[in-house]
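There are 2 protein chains.
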Amino acid sequence: MSELRLIAEHFARLGADRPDVRLGVGDDCALLQVAAGCELAVSIDTLVSGVHFLSDSDPEGLGHKALAVGLSDLAAMGAEPAWATLALTLPAADDGWISAFARGFAALASAHRVALVGGDLTQGPLSMTVQVHGLVPAGQGIRRSGARPGDLVCVSGTLGDAGLALTLLQEGAPVAADLRERLERPTPRVALGLALRGLATAMIDLSDGLAADLGHILAASGLGAEVELARLPLSPALARQVAECEAWGLPVASGDDYELCFTVPPARARALAVAARRACCPVAVIGRVRSLSGLVFTRPDGTPWQPQRLGYDHFPAAAE
Amino acid sequence: MSELRLIAEHFARLGADRPDVRLGVGDDCALLQVAAGCELAVSIDTLVSGVHFLSDSDPEGLGHKALAVGLSDLAAMGAEPAWATLALTLPAADDGWISAFARGFAALASAHRVALVGGDLTQGPLSMTVQVHGLVPAGQGIRRSGARPGDLVCVSGTLGDAGLALTLLQEGAPVAADLRERLERPTPRVALGLALRGLATAMIDLSDGLAADLGHILAASGLGAEVELARLPLSPALARQVAECEAWGLPVASGDDYELCFTVPPARARALAVAARRACCPVAVIGRVRSLSGLVFTRPDGTPWQPQRLGYDHFPAAAE
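Here the protein sequences come in this chain order: A and B.
All residue numbers in the first sequence are consecutive under the working numbering, ending with 320.
All residue numbers in the second sequence are consecutive under the working numbering, ending with 320.
It is worth saying that the hints were derived from the structure and are not from the lab.
Among the hints, erroneous ones may be present.
Said to hold, decoys possible - Label pairs and their calculated CB-CB ranges: (1) A:Gln306 / B:Val51: 41 to 47 angstroms; (2) A:Ala273 / B:Asp56: 55 to 61 angstroms; (3) B:Gly172 / A:Asp56: 37 to 43 angstroms; (4) A:Arg309 / B:Gly139: 51 to 57 angstroms.
Unchecked claim - Away from chain B, derived, C-beta distances all over 10 angstroms, residues of chain A: (5) Gly26; (6) Asp27; (7) Ser49; (8) Val51; (9) Asp73; (10) Leu199; (11) Pro233; (12) Pro266; (13) Arg268; (14) Gly294; (15) Gly302.
No residue lacks a Cβ here, since even glycine has one placed at the ideal position from N, Cα and C.
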């Protein structure tokens, strides 16, 4: 009873205005109508306390981030967000915590017209799993495997800010508010993802870091790439850090940026500029896809550079 | 890398033969095609170690149960299973554990032609979240709200076996293998759920116990019901327990049965018998829906009986 009431109180009104939700929270299943001619895009992600966030993290930020991670996956597919489900595991029924979490989740959901259509509230160690559901015209989903030799390698926004914020927090150093926001309230690049339909040949979102995630595009496409470090888009804070201690590892191999990384044929460079402007999202060309396998980074002076680690790995021991 | 490989190794081949999976595990999203004229039914559920199962539970059984719980929700909607996603959180990358879990999950998935289309493997306290996706002809989903006064109240299978098995396990008493199976490898009544389309006026699956779950149907339908305890379908083990100590709480208020509870107009009783036979699933009529609100149980001697608790509640403190 109580768990149903908690869910109902905090979440049920979310996005109730979508006519494609035939039946929302409160039955054995939600019933949803996928628009004719569209494919359904789905992605599921878990955030665990002590692994993905600190146990005393601001719950409103967690509500935002739990959904943002999924919306970023939809963006990377060129899919339009539609619905979400939420499985929330909590040590205790803390109404204040749940309210704040719901506020963060709801604000981002409303901004993208996402309806919450199902949930499960469970007692246990703090974690949250969100599945997002989006729509994409059949055949137009942007996969990782479509890159071609000569394509421009592009990224949105700036790289490494979340990684720098995390490093500073772990050191107990002061973190500027805007930098901390980049870690705790990432912006999923939904409008840009949609604008890149028919333009990007391959796309991924940067959750594990540029080297690892661009690596996934190259592996799926059976190609390699050269990236010029001097062309990486950096915030002023990151640029200072890189200038002081050549910390290329931050923009190249730290996670949680939730920017888009994608490839575009050079002949479409002008269309890309138009799409980026329309989506109000800065885009930088950072390198080129090439037939030779391997991902090569070059320093501003032209010498090669390699990251010490590729990106975040939950089970490093199992990699050997 | 390693987590992707683990997922790929153990799960990726699951159900790869469904042509409606346009893109499966391994990209930012899966891409799925919902059949024309169908609505999408979705449900998400989490099982947490120490709450829903013991930490040393057989992983193969857990793999079965994690999916069975969701398939039972689809059955309760009259939806045909199609796809599943899995978010698995593990303390360590234990290949033997994952293999056994995958085996249990895969066996049930194959039996129902369910494709695993997405996943997330995370380090943390043991828990598993599964979202199931099913298909139902538009408008034919069987909701909780459609019961009408005079309808027969029906249940599938037998009630209380999982509750008895759990009680015995907690007492350290011996448990017969078939009884223990009822707790650890519940059978989702998928074929019966499909056979009840156009026949059942309301339906729910019994996860929290008959009193609580039939209560949800009655609350959603704005009605009451009378249930005769003598008509509850009981296994021999349960019948002995009830005869010895009038333990009606087991079939009425213990959870995890995953049988279907539904209402059918009395004029359709013969069609119901045909549907049950076609689905190879026993069905019992246990009472009647009535206009008077409230759920009333009567003993074999005609006297009223009330359960001491309604059913399982994750946050009992918050109910006050």
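Verification of the hints:
Between Gln306 (chain A) and Val51 (chain B) the C-beta distance comes to about 45 angstroms, which sits within the given range of 41 to 47 angstroms. Separation of Ala273 (chain A) from Asp56 (chain B) is about 59 angstroms and conforms to the stated range, judged on CB atoms against 55 to 61 angstroms. The hinted range of 37 to 43 angstroms is satisfied by Gly172 (chain B) and Asp56 (chain A), whose Cβ atoms lie roughly 39 angstroms apart. Between Arg309 (chain A) and Gly139 (chain B) the beta carbon distance is about 53 angstroms. The supplied range of 51 to 57 angstroms therefore holds.
At roughly 8 angstroms from the closest C-beta of chain B, the C-beta of Gly26 (chain A) falls inside 10 angstroms, breaking its exclusion from the interface. A beta-carbon of chain B is positioned within 10 angstroms of the beta-carbon of Asp27 (chain A); the least distance is around 5 angstroms. Residue placement check: Ser49 (chain A) does not keep its beta carbon more than 10 angstroms from all beta carbons of chain B (closest about 8 angstroms). Non-interface call for Val51 (chain A) relative to chain B: violated, since the shortest CB-CB distance, roughly 5 angstroms, does not exceed 10 angstroms.
A cut-off of 10 angstroms between C-beta atoms contradicts the statement that Asp73 (chain A) is not in contact with chain B; the least separation is 4 angstroms. No Cβ of chain B approaches the Cβ of Leu199 (chain A) within 10 angstroms, the least distance being about 17 angstroms, so the stated non-interface status holds. With a minimum CB-CB distance of about 21 angstroms to chain B, Pro233 (chain A) clears the 10 angstroms threshold, and the non-interface call stands. At roughly 24 angstroms from the closest C-beta of chain B, the C-beta of Pro266 (chain A) stays outside 10 angstroms, upholding its exclusion from the interface.
For Arg268 (chain A), the condition that its CB be more than 10 angstroms from all CB atoms of chain B holds, with the nearest at approximately 21 angstroms. In this structure Gly294 (chain A) is separated from chain B by more than 10 angstroms, as the shortest Cβ-Cβ distance comes to about 15 angstroms. With a least CB separation of 29 angstroms from chain B, Gly302 (chain A) remains clear of the 10 angstroms interface cut-off, as annotated.
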